[in-house]
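Novice: Now for the letters of each chain:
There are 2 protein chains.
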Amino acid sequence: MRKHILVSNDDGINAEGIYALVVELKKIADVTVVAPEKQMSAVGHAITVQYPLRVNPFYKNGEFFGYAVDGTPADAVKLAVKALLRDKKIDLLISGINHGMNTSINIIYSGTVSAATEGTILGIPSFAISLATYEPNPDFSFAAKFAAKLAQFIFRNGIPSGTLLNVNVPPVPESEIKGVLITRQGKAFWDDWFDLRKDPNGREYYWLTGKFVNYEHEDINSDHTAVQNNYISITPIHFDLTDYEAIGKLKKSGLEEIFKFD
Amino acid sequence: MRKHILVSNDDGINAEGIYALVVELKKIADVTVVAPEKQMSAVGHAITVQYPLRVNPFYKNGEFFGYAVDGTPADAVKLAVKALLRDKKIDLLISGINHGMNTSINIIYSGTVSAATEGTILGIPSFAISLATYEPNPDFSFAAKFAAKLAQFIFRNGIPSGTLLNVNVPPVPESEIKGVLITRQGKAFWDDWFDLRKDPNGREYYWLTGKFVNYEHEDINSDHTAVQNNYISITPIHFDLTDYEAIGKLKKSGLEEIFKFD
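For the protein sequence lines, the chains are A and B, in the order given.
Just so you know, my numbering puts the end of the first sequence at 491, numbered straight through with nothing missing.
Just so you know, my numbering puts the end of the second sequence at 491, numbered straight through with nothing missing.
Mixed in with the good hints there might be a few duds.
For identical chains, the list gives no copy identity; a pair is met inside one copy or between any two copies.
[To be verified] Dumping the calculated DSBU-like pairs for lysine-lysine here, alpha-carbon to alpha-carbon at most 35 Å:
#1 289 / 374
#2 255 / 480
#3 427 / 267
#4 255 / 478
#5 440 / 256
#6 311 / 440
#7 480 / 256
#8 256 / 416
#9 407 / 255
#10 256 / 267
#11 416 / 267
#12 378 / 317
#13 378 / 416
#14 416 / 478
#15 481 / 311
#16 311 / 374
#17 416 / 481
#18 480 / 416
#19 480 / 317
These are calculated hints, taken from the structure and not from any lab test.
If we strip away everything but chain A, and leave its shape as in the complex, we get:
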């Protein structure tokens, strides 16, 4: 039986990256698109609980393309699985193709990753895929082909339960790709600051800006370094945030005893 793939993203349903992805996936499977109506970058794992959600059909080039949700990426996935596609089997969720890198600390701010996290929470094998460039009109075609290839690998082999894959594709021609590396979340980070400016009415406002810093240029096991060296980086991530090493340290520190109530 033909497989069924749910597609979402955080750049919004009208983005180039999700379109390129869907065109390629339709060659190998049935595809349903449920994605945010608008650009939703850096929303983290937000869900909408205080407001209702609306769903509208979205057309592209005169054809039905998918469902636009006026919420976050996690909202779109939850609504797809629990309402719109409730009676359909979903074999795989793919979130992307994001326009921009989702490596290292960026993972925790990423709406793209959060859609795949929500899929995993709901028991669906899921991956997020990003094209590691901020150029205005990048070519998504190789990343889309790779997504289809990875989908077929997952149909055959599965993904460890409770794990999702965070995929970053270098923005270079296929001939320059060196291969695939299974990586860890790197320790690259934002050295950021705020610009303090005045609006046309003289009121102050702050705007976040910064530069991305990587001290792990030698370590190809870091997702960020792998991509910079033209490898496709695949990082298995999960949503158990417990720092198990710290549990022992804290128990030894006397924290439990000091606050003992009798």
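With chain A fixed as given, assemble chain B onto it according to the hints.
Specialist: For chain B alone, kept in the frame of chain A given last:
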């Protein structure tokens, strides 16, 4: 020298929980409040990059209480550390007191936890604290006293670097508290669904609802179970989402080889 504590939350600067916390903390340290202007629950680790941020002084009972930011909890913390308090040492960040439990899967949706995560990313010892009840007007006073006690413990002992503490306090009188337990993130989850309704104009909308399910009633090491048994739960969490166990499995699965480009 008197210590300096930065306080934020996700219920908004006007919430009861942050007020009770600040009153208690002022007894032991200097306190600066930088918090979202509005209620920001379930925003996950969102940051605002597409829009400017505004800051306004916020007064309570005729006195200056803190800075209100028209953004998310992570925005408020970043803006405090990188702009408003740039020249001041911050010894500790406390996020809360949240009105409602932040255990198990809730951690990844939690704005309260995200403020403490942002603090940790910026190198500040941080904890999130939540009162585990949804009753309309709970008594935050014991949780506030506990926060001050924990602050003093951290001033003496520190927190393992890169780790933050996620604290959940049971909503019972001090005399019924059984003690403190260092726990792990539990596996309790939302069994959720969407109500499909019609607005006054006949247009359909969806509203998220659900019930929280815990299959770990016997395991006091789960944050959720600990709180249900009247223990104060303290879970060390971090922001390295890598599933290290899965790395080996994926390498063995042949994923790197199948996609080898020569």
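Novice: If a hint holds in the structure, say so; if it doesn't, say that too.
Specialist: Verification of the hints:
no.: 1; hint: 289 / 374; verdict: within (21 Å within a copy, 57 Å between copies)
no.: 2; hint: 255 / 480; verdict: between (53 Å within a copy, 28 Å between copies)
no.: 3; hint: 427 / 267; verdict: both (27 Å within a copy, 23 Å between copies)
no.: 4; hint: 255 / 478; verdict: between (51 Å within a copy, 29 Å between copies)
no.: 5; hint: 440 / 256; verdict: neither (39 Å within a copy, 39 Å between copies)
no.: 6; hint: 311 / 440; verdict: between (39 Å within a copy, 14 Å between copies)
no.: 7; hint: 480 / 256; verdict: between (54 Å within a copy, 27 Å between copies)
no.: 8; hint: 256 / 416; verdict: neither (37 Å within a copy, 37 Å between copies)
no.: 9; hint: 407 / 255; verdict: within (27 Å within a copy, 57 Å between copies)
no.: 10; hint: 256 / 267; verdict: within (27 Å within a copy, 46 Å between copies)
no.: 11; hint: 416 / 267; verdict: both (30 Å within a copy, 32 Å between copies)
no.: 12; hint: 378 / 317; verdict: within (23 Å within a copy, 52 Å between copies)
no.: 13; hint: 378 / 416; verdict: both (29 Å within a copy, 32 Å between copies)
no.: 14; hint: 416 / 478; verdict: both (22 Å within a copy, 22 Å between copies)
no.: 15; hint: 481 / 311; verdict: between (44 Å within a copy, 34 Å between copies)
no.: 16; hint: 311 / 374; verdict: within (29 Å within a copy, 41 Å between copies)
no.: 17; hint: 416 / 481; verdict: both (27 Å within a copy, 25 Å between copies)
no.: 18; hint: 480 / 416; verdict: both (27 Å within a copy, 21 Å between copies)
no.: 19; hint: 480 / 317; verdict: between (47 Å within a copy, 32 Å between copies)
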